[in-house]
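Residues per chain are reported as follows:
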Amino acid sequence: MIEFHLDARSGVAPYRQLIHQVRHALRLGLLREGDQLPKVKDVVAGLAINPNTVLKAYRELEYEGLAAARPGVGTFVTGTLDGGSLAAHGPLRRDLARWLARARRAGLDDESIEALFASTFRSASEEDIA
Amino acid sequence: MSAVIEAAGLGKRYRRKWALTDCTLSVPAGHVVGLVGPNGAGKTTLLSLAVGLLAPDAGTIEVLGGRPGAGPAQLARVGFLAQDAPVYAGLSVADHLKLGARLNPGWDAGLARARVDRLDLDLGQKAGTLSGGQRAQLALTLAVAKHPELLVLDEPVASLDPLARREFLQDLMEAVAEQELSVVLSSHLVADLERVCDYLIVLVASRVRVAGPVDELLAAHHLLSGPRRDPDTLPDGVEVISASHTDVQTTLLVRTSGPVLDPAWTMSEVGLEDLVLAYMSQAAGRRRRDNRHLEVRK
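If you're matching them up, the sequences are chains A and B in order. The first sequence runs 1 to 130 under my numbering. The second sequence runs 1 to 298 under my numbering.
No wet-lab data here; the hints were simulated from the structure. Misleading hints may appear alongside valid ones.
Below, simulated SDA-like cross-link-like pairs (lysine to any residue); rule was C-alpha separation at most 20 Å, straight line [as the list claims (entries may be wrong)]:
no. : chain 1 : residue 1 : chain 2 : residue 2
1   : A       : Lys39     : B       : Gly212
2   : A       : Lys41     : A       : Ala88
3   : A       : Lys56     : B       : Lys17
4   : A       : Lys41     : B       : Glu216
5   : A       : Lys56     : B       : Asp215
6   : A       : Lys39     : B       : Glu174
7   : A       : Lys41     : B       : Glu149
8   : A       : Lys41     : B       : Arg118
9   : A       : Lys39     : B       : Glu180
10  : A       : Lys56     : B       : Ala29
11  : B       : Lys17     : B       : Ala58
12  : A       : Lys41     : B       : Ala219
13  : A       : Lys41     : B       : Leu119
14  : A       : Lys56     : B       : Ala219
15  : A       : Lys41     : B       : Lys17
16  : A       : Lys39     : B       : Glu178
17  : A       : Lys56     : B       : Val116
18  : A       : Lys41     : B       : Ala58
19  : A       : Lys56     : B       : Ala114
20  : A       : Lys39     : B       : Gln170
21  : B       : Lys126    : B       : Ala114
Build the full structure now, drawing on both the sequences and the hints.
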């Protein structure tokens, strides 16, 4: 079971934050098919948010085919987002850690590393499209 | 779905001063409605009219399809928590539960008892010696245990510390999820409302400035910024709520149904707090301008 949190200053609508957290957990394999999502009542009592916000997030996840409601029981995960690539995460993570260590040795700070990653990511995606 | 509050041309006057004027509203059921506005805007007056503590001087108001306070049946359908959560200081927590059971036909003794246990309230303790947060929670227990269809709360968390405030709102939202009740609550703490409310009414200087589902309000309002220019040059259908200018730049908060296609403007989303403040300052600016006209006439 995952636990939701809200960032009030992010400016992102609360229901979008909930959806994002479920998708994130699916990508990282923290949630798998058949797992139950937190009960609406528990999310509401934990975060002090409107029940309709949680229902809206779960409805959207149902619409995306990622979850399904079982009346009287709760909402369960029915899809995955890891694309079967979860096994590759380990080696990729190790490569990335090595690369980060090299970047630090070269004197890059956090912000420079993020900027470099983002700009490389962007130009690589543009090449893919072209 | 039927409306929980339906008001048409509603007004209330204290001696010669109108505390609420020309209030026309239709609030659908199943929402947690936030009523925001500065102090003295008429929030308490509107809520008191909704629960039948006051009678209107103009227009009409219907709550859950009936006249507020019309009889025992109507009273049983609406729960009300007045400002500062009044309790009987000389009565114990147990006395309050007994009172609730005797006065309310739909009283849920199990729910009341479970809430009091969970809150760790001492049944024998006099209500006057409870902390502010505990007092608010006891008052909420009484209001929820009568199983109302609509719960009206006047500034329920204004006097509570941040922890008690969060706990109160958690409990309130849990009750909403369990009992499927509609809620109308007033507050000037927009940050709390942002989490809790999905419908908003902005009341300023005794008038309703804007009302609607939060999603729709956020989708219909935008922040425009661009080189300095006269807001009157904007296309039709774009209503300027607030405007600020520097010597080179103009920033506008506008309400519009469609996108503004002029490339001179950069369009961005607005948060709920900015939206509320824009409507409040719009009303304040109008009042200042009115006063200026008066001075000129003198």
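Is the straight-line distance between the alpha-carbon of Lys41/A and that of Glu216/B 20 Å or less? This hinted pair is violated, its Cα atoms lying about 25 Å apart.
Holds or violated: Lys56/A with Ala114/B, Cα cutoff 20 Å? This hinted pair is violated, its Cα atoms lying about 29 Å apart.
Pair hint outcome, Lys41/A versus Arg118/B [Cα-Cα no greater than 20 Å]: holds, 16 Å
Straight-line Cα separation of Lys41/A and Ala219/B no greater than 20 Å? Violated, at roughly 27 Å.
Taking 20 Å as the top limit, are the C-alpha atoms of Lys41/A and Leu119/B close enough? Status holds; Cα separation ~17 Å.
Is Lys41/A close enough to Ala88/A, meaning Cα to Cα at most 20 Å? violated, 36 Å
Just to be careful, I want the Cα atoms of Lys56/A and Ala29/B compared with a cutoff of 20 Å; is the pair within it? Measuring from Cα to Cα gives roughly 17 Å; hence the hint holds.
Lys41/A and Glu149/B were given as a pair; does the straight-line alpha-carbon distance stay at or below 20 Å? It holds: about 18 Å lies between the C-alpha atoms, which stays within 20 Å.
Is Lys126/B within 20 Å of Ala114/B, Cα to Cα? holds, 19 Å
Does Ala58/B lie within 20 Å of Lys41/A when you go C-alpha to C-alpha? violated, 41 Å
Holds or violated: Lys39/A to Gln170/B, with C-alpha atoms at most 20 Å apart: Holds. Lys39/A to Gln170/B sits at ~14 Å (cutoff 20 Å).
Run the distance test for Lys17/B versus Ala58/B: straight-line Cα separation, threshold 20 Å. holds, 13 Å
Violated hints for the displayed structure, listed by number in ascending order: 1, 2, 3, 4, 12, 15, 17, 18 and 19.
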